[in-house]
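Undergrad: In case you want the letters, here they are:
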Amino acid sequence: MKFDNINRRVFLRASAVAGVSLATPTIFTSASRAQDFCNAPTGANVAFGFNVPQTGSYADEGADELRALKLAVQHLNGEGDGGMLNTFKGTPLKGSGILGKKVSFVTGDTQTKSDAARASAKRMIEKDGVLMITGGSSSGVAVAVQSLCQESGVIFMAGLTHSNDTTGKDKKKNGFRHFFNAYMSGQALGPVLAEAYGKDRKAYHLTADYTWGWTQEESIKNATEALGWETVKTVRTPLGAGDFSQYITPVLNSGADVLILNHYGKDMINSLTQAVQFGMRDKQVNGKDFQIVVPLFSELMAQGAGDAIKGIYGTANWDWKLENDGTKAFTKSFGQEYGQPPSQAAQTCYVQALLYAHACETAGTFNPEGVIAALEDLEFDGLGNGPTLYRGADHQCFKPVLVVQGKENPKDKYDLLQVVKEVPTADVTYDPSIFGGELGPVSNKC
Amino acid sequence: MDAFLLQLLNGLDKGGAYALIALGLTLGFGTLGVVNFAHGALFMLGAFIAVLVNRLLRLETVTIDPDQLTPWGTPAEIHTPLVQAWLGDFGAVLLQYSVPLSLLVAVPIMLLFGVAMERGLIRFFYRRPHADQILVTFGLAIVLQEVIKHYFGANPIPVSAPPALSGSANVGEWLGLGPGVYYPWWRLVYLSFSIVMVGLVIAFLQFTTWGMVVRAGMQDRQTVGFLGINIQRRFTIVFGIAAMVAGMAGAMYTPIVPPDYHLGMDFLVLSFVVVVVGGMGSVAGAVLAGFLLGVLQSFASMNEVKDLLPGIDQVVIYLVAVVILLVRPRGLMGQRGIMED
Numbered sequence: 004m005k006f007d008n009i010n011r012r013v014f015l016r017a018s019a020v021a022g023v024s025l026a027t028p029t030i031f032t033s034a035s036r037a038q039d040f041c042n043a044p045t046g047a048n049v050a051f052g053f054n055v056p057q058t059g060s061y062a063d064e065g066a067d068e069l070r071a072l073k074l075a076v077q078h079l080n081g082e083g084d085g086g087m088l089n090t091f092k093g094t095p096l097k098g099s100g101i102l103g104k105k106v107s108f109v110t111g112d113t114q115t116k117s118d119a120a121r122a123s124a125k126r127m128i129e130k131d132g133v134l135m136i137t138g139g140s141s142s143g144v145a146v147a148v149q150s151l152c153q154e155s156g157v158i159f160m161a162g163l164t165h166s167n168d169t170t171g172k173d174k175k176k177n178g179f180r181h182f183f184n185a186y187m188s189g190q191a192l193g194p195v196l197a198e199a200y201g202k203d204r205k206a207y208h209l210t211a212d213y214t215w216g217w218t219q220e221e222s223i224k225n226a227t228e229a230l231g232w233e234t235v236k237t238v239r240t241p242l243g244a245g246d247f248s249q250y251i252t253p254v255l256n257s258g259a260d261v262l263i264l265n266h267y268g269k270d271m272i273n274s275l276t277q278a279v280q281f282g283m284r285d286k287q288v289n290g291k292d293f294q295i296v297v298p299l300f301s302e303l304m305a306q307g308a309g310d311a312i313k314g315i316y317g318t319a320n321w322d323w324k325l326e327n328d329g330t331k332a333f334t335k336s337f338g339q340e341y342g343q344p345p346s347q348a349a350q351t352c353y354v355q356a357l358l359y360a361h362a363c364e365t366a367g368t369f370n371p372e373g374v375i376a377a378l379e380d381l382e383f384d385g386l387g388n389g390p391t392l393y394r395g396a397d398h399q400c401f402k403p404v405l406v407v408q409g410k411e412n413p414k415d416k417y418d419l420l421q422v423v424k425e426v427p428t429a430d431v432t433y434d435p436s437i438f439g440g441e442l443g444p445v446s447n448k449c
Numbered sequence: 004m005d006a007f008l009l010q011l012l013n014g015l016d017k018g019g020a021y022a023l024i025a026l027g028l029t030l031g032f033g034t035l036g037v038v039n040f041a042h043g044a045l046f047m048l049g050a051f052i053a054v055l056v057n058r059l060l061r062l063e064t065v066t067i068d069p070d071q072l073t074p075w076g077t078p079a080e081i082h083t084p085l086v087q088a089w090l091g092d093f094g095a096v097l098l099q100y101s102v103p104l105s106l107l108v109a110v111p112i113m114l115l116f117g118v119a120m121e122r123g124l125i126r127f128f129y130r131r132p133h134a135d136q137i138l139v140t141f142g143l144a145i146v147l148q149e150v151i152k153h154y155f156g157a158n159p160i161p162v163s164a165p166p167a168l169s170g171s172a173n174v175g176e177w178l179g180l181g182p183g184v185y186y187p188w189w190r191l192v193y194l195s196f197s198i199v200m201v202g203l204v205i206a207f208l209q210f211t212t213w214g215m216v217v218r219a220g221m222q223d224r225q226t227v228g229f230l231g232i233n234i235q236r237r238f239t240i241v242f243g244i245a246a247m248v249a250g251m252a253g254a255m256y257t258p259i260v261p262p263d264y265h266l267g268m269d270f271l272v273l274s275f276v277v278v279v280v281g282g283m284g285s286v287a288g289a290v291l292a293g294f295l296l297g298v299l300q301s302f303a304s305m306n307e308v309k310d311l312l313p314g315i316d317q318v319v320i321y322l323v324a325v326v327i328l329l330v331r332p333r334g335l336m337g338q339r340g341i342m343e344d
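Chains as they are written, first to last, in this note's numbering: chain B, 4 to 449; chain G, 4 to 344.
It should be emphasised that the hints constitute simulated quantities derived from the structure, not laboratory data.
Check each hint, because a few of them may be wrong.
Per label pair, the in silico range of CB-to-CB distance [as the list claims (entries may be wrong)]:
1) G:97 / B:313: 22 to 28 Å
2) G:199 / B:225: 46 to 52 Å
3) G:199 / B:289: 53 to 59 Å
4) G:137 / B:416: 39 to 45 Å
5) B:228 / G:167: 39 to 45 Å
6) G:306 / B:324: 53 to 59 Å
Everything numeric in this text was worked out from a predicted model, so none of it was measured.
Yeah, the Cβ is synthetic: ideal placement off N, Cα and C, and Gly gets one too.
From just these sequences and the hints, can you work out the full model?
TA: The following block contains the structure:
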């Protein structure tokens with residue numbers, strides 16, 4: 004036997020071939036396949052990341068989202084009364100975790116700032132190994148975190164975000180939104196406004212100067228103009244202006260007879276309270292009673308507006324007073340746990356957590372590829388909003404939209420809004436191409 | 004003309020708040036030479052004293068009624084207001100006038116808080132650089148904010164003006180402009196309140212012996228000390244008065260903007276600009292600059308102006324500050340020697 008032709012190079016080549024052939028069978032085992040996607044769970048747990056505002060102006064909404072998400076984790080793990088798992092039609096989830104793994108969670112603080120939200124999401128993905136991020140109370144933050152999740156190969160189940168851009172111009176393959184959007188608010192609210200206030204109206208918009216405000220102004224303007232209203236003027240106001248008097252007084256002499264406040268949160272409370280102080284609701288213009296409209300209500304914030312909100316129209320994604328099994332089940336378990344009814348921010352986050360779990364369970368994997376395929380064009384029912392479709396083309400949920408009105412005689416601080424109309428899904432559905440944007444490819448690598 | 008009048012009133016109103024905050028800031032500069040970044044937080048504390056008084060007047064007893072159920076199936080709570088149960092209609096009136104009443108509470112609390120803040124924290128920073136003073140007072144402001152947020156939450160809390168003073172006044176008719184020009188009563192009250200407060204502080208400094216000594220101390224601390232006067236103690240009290248004025252301004256402001264923990268920060272930066280434009284340490288300058296910048300900001304927000312120069316409402320104050328500082332580096336009424344080492 005001659006060994007002198009086996010030099011170092013040949014030996015290495017031969018060992019490499021041997022090594023690969025020895026390793027081959029393990030490619031088909033789950034332990035190795037788990038490395039195929041980012042943060043594949045290896046232990047007995049699967050981690051969710053709850054990225055909610057815990058400080059800053061939206062801290063109270065963030066706290067409510069966190070309450071709901073903790074409840075969702077309890078229910079998924081089989082603790083508590085099961086909440087909406089009992090009413091979620093056709094789900095394989097049984098309260099025994101997801102695919103045999105127990106759900107755990109970590110939390111982060113978005114501070115309602117895009118950079119802080121991205122930093123805390125990044126920490127949860129890289130350090131805590133979360134597979135899915137949910138929560139949030141601002142469209143600016145949602146768009147930023149969604150694009151981070153796309154880059155990082157995890158799923159983003161958006162919390163409260165109402166800008167058209169989240170599932171429009173800035174949509175991503177890894178991002179999903181259960182909450183409704185500004186376009187739907189316009190389509191739902193327009194006819195109700197025309198019926199209540201007539202078709203010959205002159206509107207003046209005050210708009211929060213960021214992505215959500217712009218898309219809402221455009222959507223409401225288009226919807227009301229289609230009904231015959233005229234838009235006198237649209238004015239952008241800086242976020243957190245506090246005193247809006249300098250923007251409100253010009254409305255009084257503009258000839259407008261409707262004021263539309265495209266404000267959310269603190270800005271909404273301040274501008275609405277001040278508009279009422281300036282006597283706008285007692286005013287007559289063009290022979291008609293002057294009216295104020297707040298297209299997107301926040302119940303938690305409405306408590307801050309006090310009496311000013313009475314009689315004012317707006318829209319909502321969900322309300323705890325709805326008469327359906329899912330809503331009743333959720334309100335019951337939330338109320339018993341925390342002594343207060345859930346807000347719409349809480350409901351949307353709870354549902355998002357359940358839907359993600361449902362998608363993993365039906366797909367049989369935590370791999371984003373399978374999860375996304377399971378969520379796209381998913382039709383579900385029993386989660387409080389009636390029959391709902393997760394549209395595959397833009398990852399936006401389609402379901403009835405609520406038109407709500409500030410109650411004249413509320414029983415308590417949780418009873419501020421009444422549902423005036425449930426606008427059917429068909430009336431708020433639109434062609435996904437109108438907002439542009441591309442979903443792009445699935446991302447599942449870290 | 005109507006629009007002009009309304010924006011003038013808006014500006015004076017805003018200017019009133021700026022002036023009251025800047026007044027205290029400038030007194031701090033002038034007497035103790037301290038840059039107090041917690042001054043906005045004192046305004047916020049005052050606002051929350053009004054909230055607290057309102058809450059105390061609303062205190063209720065809670066009993067559980069097992070016969071009634073909440074929508075989520077737990078026994079309902081029955082709330083009975085305490086003050087009204089004790090005092091009847093008078094209790095209800097007290098609640099309606101909670102904002103003016105809260106001034107009675109705010110005066111001693113804020114005065115004491117100001118003195119405690121100066122004795123407990125600020126005095127250790129007299130000989131340290133201004134950057135250290137800024138850091139420590141800014142830190143204090145953050146602590147105060149977080150404490151308030153812990154107890155009152157992050158959302159704004161509405162406090163209503165007395166019913167007799169809510170709604171709008173027919174300003175147009177008073178001035179003979181014809182009907183249709185209305186302005187909220189409480190904003191007129193706030194404007195008058197700020198003018199009276201400014202007048203009282205200036206009168207106190209200008210026309211009392213006590214105030215004269217303080218002014219002398221601002222000019223030349225050492226000489227006043229040589230005359231056997233404990234000028235430091237007077238300066239401490241002036242600091243307390245500054246805190247008190249900020250607190251009262253905050254309490255009265257609550258019906259205009261529902262306060263939240265961040266209210267002070269919203270005013271702080273602008274108030275500093277007001278002080279710098281008015282002239283460091285000049286009380287009259289701060290008041291003048293406060294009203295001036297408030298009015299300018301309002302006029303810059305008029306649609307006619309914004310159509311010509313978009314976004315001008317956001318920057319006008321800073322533009323004017325730059326121009327004034329270029330022409331008069333010590334500000335409108337600044338004097339030589341203050342904050343100039």
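Undergrad: Each hint: holds or not?
TA: Here's how the hints hold up against the structure:
For residue 97 of chain G and residue 313 of chain B, the hinted distance range of 22 to 28 Å is satisfied, since their beta carbons lie about 25 Å from each other. Taking 46 to 52 Å as the suggested C-beta distance range, the pair residue 199 of chain G and residue 225 of chain B conforms, at roughly 50 Å. In this structure the supplied range 53 to 59 Å is violated for residue 199 of chain G paired with residue 289 of chain B, their Cβ-Cβ distance being about 40 Å. About 40 Å separates the C-beta atoms of residue 137 of chain G and residue 416 of chain B, a value consistent with the hinted range of 39 to 45 Å.
Distance hint check for residue 228 of chain B and residue 167 of chain G: the Cβ-Cβ separation is about 42 Å, which falls inside the suggested range of 39 to 45 Å. Our hint of 53 to 59 Å for residue 306 of chain G and residue 324 of chain B is violated, since their Cβ atoms are close to 40 Å apart.
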